[in-house]
Amino acid sequence: MSPGVVEQYQTKDFKSDLKPIWCPGCGDFGVLQAMYRALANIGRPPHEIAFVSGIGCSSRIPGYTTAYGFNSVHGRALPIAQGIKLANPDLLVLVAGGDGDGFSIGGGHVPHAIRRNMDLTYVVMDNQIYGLTKGQLSPTSPRGLKTVTSELGSFEEPVNPLLYVLAYGANFVAQGTPADMTGLAEVIEEAIRFPGFALVNVRSPCVTYGEEDQQIKAHRAHMKPLKSLGHNPEDRLAAMDLAQHYARELHTGVFYRSPSPPPTFDALARERQKERAGRGLPRERILDMFLQK
Amino acid sequence: MSPGVVEQYQTKDFKSDLKPIWCPGCGDFGVLQAMYRALANIGRPPHEIAFVSGIGCSSRIPGYTTAYGFNSVHGRALPIAQGIKLANPDLLVLVAGGDGDGFSIGGGHVPHAIRRNMDLTYVVMDNQIYGLTKGQLSPTSPRGLKTVTSELGSFEEPVNPLLYVLAYGANFVAQGTPADMTGLAEVIEEAIRFPGFALVNVRSPCVTYGEEDQQIKAHRAHMKPLKSLGHNPEDRLAAMDLAQHYARELHTGVFYRSPSPPPTFDALARERQKERAGRGLPRERILDMFLQK
Amino acid sequence: MDDLVIGMAGSGGDGIVSAGESLISAAAYEGYHAMMTKSFGSQVRGGESSCRVRLSTRRVHNPGGNLDVAVALNWEDFLKFGAELPVSGSTVVIYESKTGVDPSSLPLPGVTPKEVFAVPIGDMARQAAGTDKAKNTVVLGLIAGWFGIARESILRGLAKKFARKGAALVEANERAFTLGEKFAKDHPLATPRSMDKPVGRPGAKLLTDGNDMCAAAAVFGGCDFFSGYPITPSSEVMQFYTKHAWEYGGAALQCEDEMAGIGAALGASFAGKKAMTATSGPGLSLKTEILGLASIAELPLVVLDVQRGGPSTGLPTKAEQSDLFQAAFSAHGDVLRPVLAPTCVSDTFQVTLEAFNIAERYQTPVLLLSDQEVAQRKETVDPIDTSRFTVEHRKVPTETELQDYARFRQTEDGVSPISHPGMKGGNYQGAGIEHNEHGNPTASGKMHAAMNEKRFRKLAPLKRRSDLFHIEGSRNARLALVAWGSVAGVCREAAERAASEGLDVKLLVPWLVYPVAEEIYRDFFASVRAGFVVELSHQGQLYRILRMFVDVPAGVASLSRSGANPFQPREIVAQLRSAAVALQQPAVSIASED
Amino acid sequence: MDDLVIGMAGSGGDGIVSAGESLISAAAYEGYHAMMTKSFGSQVRGGESSCRVRLSTRRVHNPGGNLDVAVALNWEDFLKFGAELPVSGSTVVIYESKTGVDPSSLPLPGVTPKEVFAVPIGDMARQAAGTDKAKNTVVLGLIAGWFGIARESILRGLAKKFARKGAALVEANERAFTLGEKFAKDHPLATPRSMDKPVGRPGAKLLTDGNDMCAAAAVFGGCDFFSGYPITPSSEVMQFYTKHAWEYGGAALQCEDEMAGIGAALGASFAGKKAMTATSGPGLSLKTEILGLASIAELPLVVLDVQRGGPSTGLPTKAEQSDLFQAAFSAHGDVLRPVLAPTCVSDTFQVTLEAFNIAERYQTPVLLLSDQEVAQRKETVDPIDTSRFTVEHRKVPTETELQDYARFRQTEDGVSPISHPGMKGGNYQGAGIEHNEHGNPTASGKMHAAMNEKRFRKLAPLKRRSDLFHIEGSRNARLALVAWGSVAGVCREAAERAASEGLDVKLLVPWLVYPVAEEIYRDFFASVRAGFVVELSHQGQLYRILRMFVDVPAGVASLSRSGANPFQPREIVAQLRSAAVALQQPAVSIASED
Ligand SMILES: Cc1ncc(C[n+]2csc(CCOP(=O)(O)OP(=O)(O)O)c2C)c(N)n1
Ligand SMILES: Cc1ncc(C[n+]2csc(CCOP(=O)(O)OP(=O)(O)O)c2C)c(N)n1
Ligand code: SF4
Ligand code: SF4
Ligand SMILES: [Mg+2]
Ligand SMILES: [Mg+2]
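In the order they appear, the protein sequences are chains A, B, C and D. Numbering that gives the first Met the number 0 puts the first residue of the first sequence at 0, with every later residue one more than the last. Numbering that gives the first Met the number 0 puts the first residue of the second sequence at 0, with every later residue one more than the last. Numbering that gives the first Met the number 0 puts the first residue of the third sequence at 0, with every later residue one more than the last. Numbering that gives the first Met the number 0 puts the first residue of the fourth sequence at 0, with every later residue one more than the last.
I should point out that these hints are in silico values taken from the structure, not numbers from a laboratory. Ideal Cβ positions, reconstructed from N, Cα and C, are used throughout, including at glycine. Honestly, I wouldn't trust all of these hints.
[Said to hold, decoys possible] From the structure, some residues in chain C lie toward chain A, with a derived Cβ separation under 10 Å: (1) Glu257; (2) Pro281; (3) Thr312; (4) Gly501.
[What the hints assert, rightly or not] The following residues of chain D were derived to be distant from chain B, with all beta-carbon distances above 12 Å: (5) Arg44; (6) Gly45; (7) Pro106; (8) Lys132; (9) Glu151; (10) Leu188; (11) Arg192; (12) Ser234; (13) Lys242; (14) Met258; (15) Leu285; (16) Ser311; (17) Thr399.
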């Protein structure tokens, strides 16, 4: 916020009347709090915000804010959000959901959202499990995990969301945990301010189906702020190197922030609209283009 | 082939009666030839091979072989192939298709096929365009390209398939071009022999809608065999570094080959079958599990 | 008393469902016929939860109508279930006295239950076991005490359940149970009600839910491959397979999405294995394209859709019968895809087996259309003699046929012997593209017409499978009910009651819901002047589908409504009664009614 | 002669389609009514290709029946098109003499054309222009010469077409044309046939295909957002939008798959813009889930499905009308989704506009069901007075309504004012989950029933939109035809011919295909004793859908067959004739016929 401007919004302005129905202790409560804080700092009025999600426990988050929300279908939040942003680039567009929503059923949309690079902020609540459907394997579940769909232990390597999105060319990639609320609110705010597609992977504990080492307590004990490691967030290769440790370490903070973010799709679209304005036939006379001369 | 074993198969044994309906000069002819050669060297009889593809010009390839073919639907070749392999691990399972089929509509399946790591060989005929549907943008089309769906130039960065699959953790990644038939046949053969998921990206020219620098002639002039660059194919990071140049350079040969391939999903499944055999109730008495005792 | 319906509700932590499980297990062991349905709010944990348990000495076809016994651990949660837990004047209401509600002013508008007990359930739990968690055990004691059910078996069950957690817990729960029982003894019912003893021998009944039954039936039917993506209320089938498939040399795969789920299953079928996938509405929508591929590629495949409330995400935890249009018609192009629907846990066994047999025999995807109620309710099932069922396998080409093999050969019955990779000489091209007899692509209109005709012709015999239809009641009845899926059980009871009232009624329940077996319906409707096609969907989808192919008598109407608004036998009897009265009027008035 | 149907076929490189384009452009410019359809094999390049051009001095409704003129550059390719290029005894056959076929033994089993010309087309092309590539220009010369059509305009068109490539090429083509013309003059027809002159003034006609017309109509209707995924035969709509959207401040997006294609469009609609996506069958299958989301979230959206042969990948380049079930019913849950179908290039304008208007007015997805023939055939269109059409916009909440806004408020007509992000006070939760009036999730059966009812009720007025139906012929006719989509044009001509033969026939063509407008059909069928619902699909899908809601007279049958087997007016006339004869029989025989 530029100096001299009065801070207009408080967290309560972004809090809806709906009472969250997450399990008591669920990490998503913390993500919601961090989101309120970030939005208050950003200072855009709720009605200028569109908040899109898929389906999952985590995907309920838009309803707990006063923004325009769209709790859509499983895995399709990113395409819907891109449609919103391209239709009205003036809006602040947020996207959120779970690890299953984003990296399993919705995983095919991620590389394209990144290479298109619209100015969106995507917050993944990565609890390494399917919460809403009661505890099945998620794509980030560790190898060998026993769940209701892998009672004998899973055979698959987990996906590494941080490494993926860096390989996809994402220009802003961060990670947080509700165990560090201040840090989490900060990275979300920074992601929102970042001009272009920004991803925040939040290790948000599922207290009901999650593993012990993925609970707040363990996070608090083990998290490693990237800042304290002297990581340079403008170095993509270094970021990818750190990202390799996704499964074993809990790094928090900004992995990568492009020092010179390329133009966004929505900005380019705007330019093209300006450039092409009035070049076609007026709508009422559009059929004239088919006249045989 | 172990010494002393008589080579039983010739390329013609893998050639079907169907005449390819690709445009004269299409790069896919070369891929087909290379496939015949590789299969003849491998020496598995055609009826033990299942060859799955999606939809696209390139996806017609199974029909031109004598293997069991499945020209399925757009983007779903990988899931179908995994079902085949898991159902009958004795089969040699090949998958092929285009850049659109594999990295656009089917892109969501790639990371999961890789982390599951079944013993499949996936050959992508990457012509950086949609051939069959007559020349629209593909996910690997270079930024700014003008096509029927981007007459004013595209806004998107292309995907980098080589970098992606390396980040996904693929254990065998190679690239080829029909401009170098011997090399292409070699990498396909090596990919088939590799125990685990193996990807060969073939820069297969579309003579009808493709760009000039993506034609055989240009390939011949510009391709750089990785071997000649002294690249160590057992170094994943080096491979990723080289892969960064996908859009500008035409590297051929093996980018990465894991020195110690992990067990495949199909092998693990077999082990589990052995271990669990007979542990359940016989099929005829399965309902006894519901008896209230 | 030979029939008892108990409904209970509380908050997530109250263990209401767990109490229901204990009750039904005990009852089943003792030889009662029983059924239990659960219903939850949208929360994963916490929030409201409820269950209904119906016990009877005779077979039960549905969860029953109004409650005989209502248990409310708190009123707010209880009331959220509305028509799912209907209280009437003859209900015995038991509730937590801590709620502070006066027995004379229960929050049940328009209903004054005959007997009401405010019980300090929480206090008793803490007193007996030192924890609120024992509230559900107190409730079990109350029920056993008042209605004389399954005392020993409940206690045995509790002992088993808590054994792993130590003797202290077992004893604490025994104390809680006893305290509840004692309360009941100390406060006897004004009109004593006690359940009759069951007939069968103890331990002979099966107890399970529709999803597990379906998975087990698939194993019986030779299914060796499952792949899918989790979705409520079908995930249990995947959970069963990921655990058990290996024991039979099969395999199971949790996929990244629904396209992959059905895709891998189709691949397994192509490879020669019997395969299935399972989903609910949103997943079925995503599987549509590959379902069409399975039809044109003529590959056997069973697709289970456990219906929930729609459209879209809708009401994920509630039953509805609104996916029938989708099941029958969701494919581009001309496709005929058999749709089978079980009506209860018990017949889920046979219907699932039929699905596999039909898939294999006709080389077609089959939609197995279950619903949340059938899939997730627990039911006692009388032992099934599996030896009377045949397991069918696809027709593979003979050695001679392999000499000159054409995968899609035009045969008389439209079924062409099918090879699979590994079979020498059977090599062919499977394709979603229209093809000739060898599987090679064609753009010929003539070939397309011939292949469409073949794909429809081969399924024609299905329409004569009268064994896939249950018809009850007098052959010449003028009144009729038609019902499918979980609603069939309600109609079965309604038809019985109506008949016992002297109404001239018959009932048709199809397992084969699509294609429409024209002649079977024509025959059934021949005598019918009035009646209802009863469905839990806003549109009444079966009624519409029947009209497509059959001249449904003008007096037969659609009786349908949205999901989560369950039917009760008594209201259907009432409808039949009015219809019967209308039939007494001069014929003209009926004709002009339509 | 006032009507001429020319069919031509050759190999990919022969430029057959290009010749057709030149011919129809010239004819259109001169003021003829004209129509051109193309058909190809499966190859992208090479392989067989063909086109049919029909010219007339009166409006033409379909590509015509048997060819008046057949041009075969080689027989193998020509024959591949079978019923698409039907030759009869009165056809003038022109073919490349190099094929070595003797005029007296053409490979046309059972047909002996009246006039046959073996022409050294290739030789003439090389002689005139030095290249085989001018073969198509020779053909143009032959046609202009023999049938006296559009000589000047063709030459003008050729000049324009080749101008960029240099004067030499223009001259070469002029020579080729003249050589062809001369050949015709030197070998006059036995029965001279020459086209009458057209009436209208030159240069007043539009010429385009259905896809471009649809895209232009969408622009006219205010559509500012397109997103989709390429698929034959719909990609041209995306191609139009990715080029032109920007000129109107709109945007277009080629997405990664069909889910993203419809998802982004739905997002744009949520953001307040008019949006559309386009696809064909396989893509529609994948869009199913989000179509359901659009219905429950009550968001306007136009989804174009250009039907091709199915199922699955099917016959991607051929017309069929087999996606109707899919269009109407492919959603889980209870959903009512309007389906509109244009019947020709010309009415594609109005039907597309209606689709947008209905989507906006009722806040619903609308399926615009075109087909390969309408979408890809070129047609002359008389100038359209666009000022007589209204462009509708969604009803947004007033300032007062925003004071106490509820997005899904239960209003009398079921339509609730809709806000969008950016509108202060309109903030709400859109959801695929069942919701209350504010958009908040609910699991209540009561609320679910109320919302289902609302979503159906709001669309009820559609069924009274008689302006979306075309009824022709005498009101009390006993014979009837019903047809939709591209087949409607064939039936229109058939009905006219039958009437001119004295048959008592009427025709109904719906633009609104679903929901079924019961009363309009009831009224139409009131006088009808016999007739046909004519469709290019194996199942006859409209016929079945009508039966769901309307008592279709027993004598009205489904006349349907698989795609790529086009109907001809004359065969439908023949069917009507037999039906008329049957009607003369005693009534009983008709009733028992069904
Ligand atoms: C198309 C579709 N498939 C499956 C589901 C069922 N489903 C709902 S949420 C979910 C996964 C939830 O996991 P995640 O995205 O990690 O969110 P979480 O609940 O853990 O926050 C699944 C499989 C659905 N609603 N729609
Ligand atoms: C579900 C679905 N969407 C779209 C299409 C249309 N389609 C067929 S192939 C293709 C893309 C072809 O491009 P690519 O995969 O790169 O293969 P190529 O033809 O270039 O070899 C498309 C969009 C389809 N057949 N099915
Ligand atoms: S199930 Fe897990 S993710 Fe879902 S609300 Fe409960 S704790 Fe949170
Ligand atoms: S269009 Fe391109 S990719 Fe397709 S066959 Fe022709 S040259 Fe090959
Ligand atoms: Mg999760
Ligand atoms: Mg391509």
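How the hints compare with the structure:
1. Glu257: holds, 8 Å
2. Pro281: holds, 6 Å
3. Thr312: This hint holds: Thr312/C lies near chain A, its Cβ roughly 6 Å from the closest one there, short of 10 Å.
4. Gly501: violated, 49 Å
5. Arg44: Non-interface label fails for Arg44/D: nearest chain B Cβ at 4 Å, not farther than 12 Å.
6. Gly45: violated, 6 Å
7. Pro106: holds, 21 Å
8. Lys132: Given that every Cβ of chain B is farther than 12 Å from that of Lys132/D, nearest at about 16 Å, it holds.
9. Glu151: The assertion about Glu151/D holds, with a minimum of 32 Å to chain B.
10. Leu188: Check passes; 38 Å lies beyond 12 Å.
11. Arg192: Given that every Cβ of chain B is farther than 12 Å from that of Arg192/D, nearest at about 37 Å, it holds.
12. Ser234: Non-interface label fails for Ser234/D: nearest chain B Cβ at 6 Å, not farther than 12 Å.
13. Lys242: Per Cβ check, Lys242/D is inside 12 Å of chain B; nearest 5 Å; violated.
14. Met258: violated, 9 Å
15. Leu285: It is violated; Leu285/D is separated from chain B by about 8 Å at its closest Cβ, not greater than 12 Å.
16. Ser311: violated, 6 Å
17. Thr399: holds, 42 Å
The structure does not agree with the numbered hints 4, 5, 6, 12, 13, 14, 15 and 16 stated previously, though it agrees with the rest.
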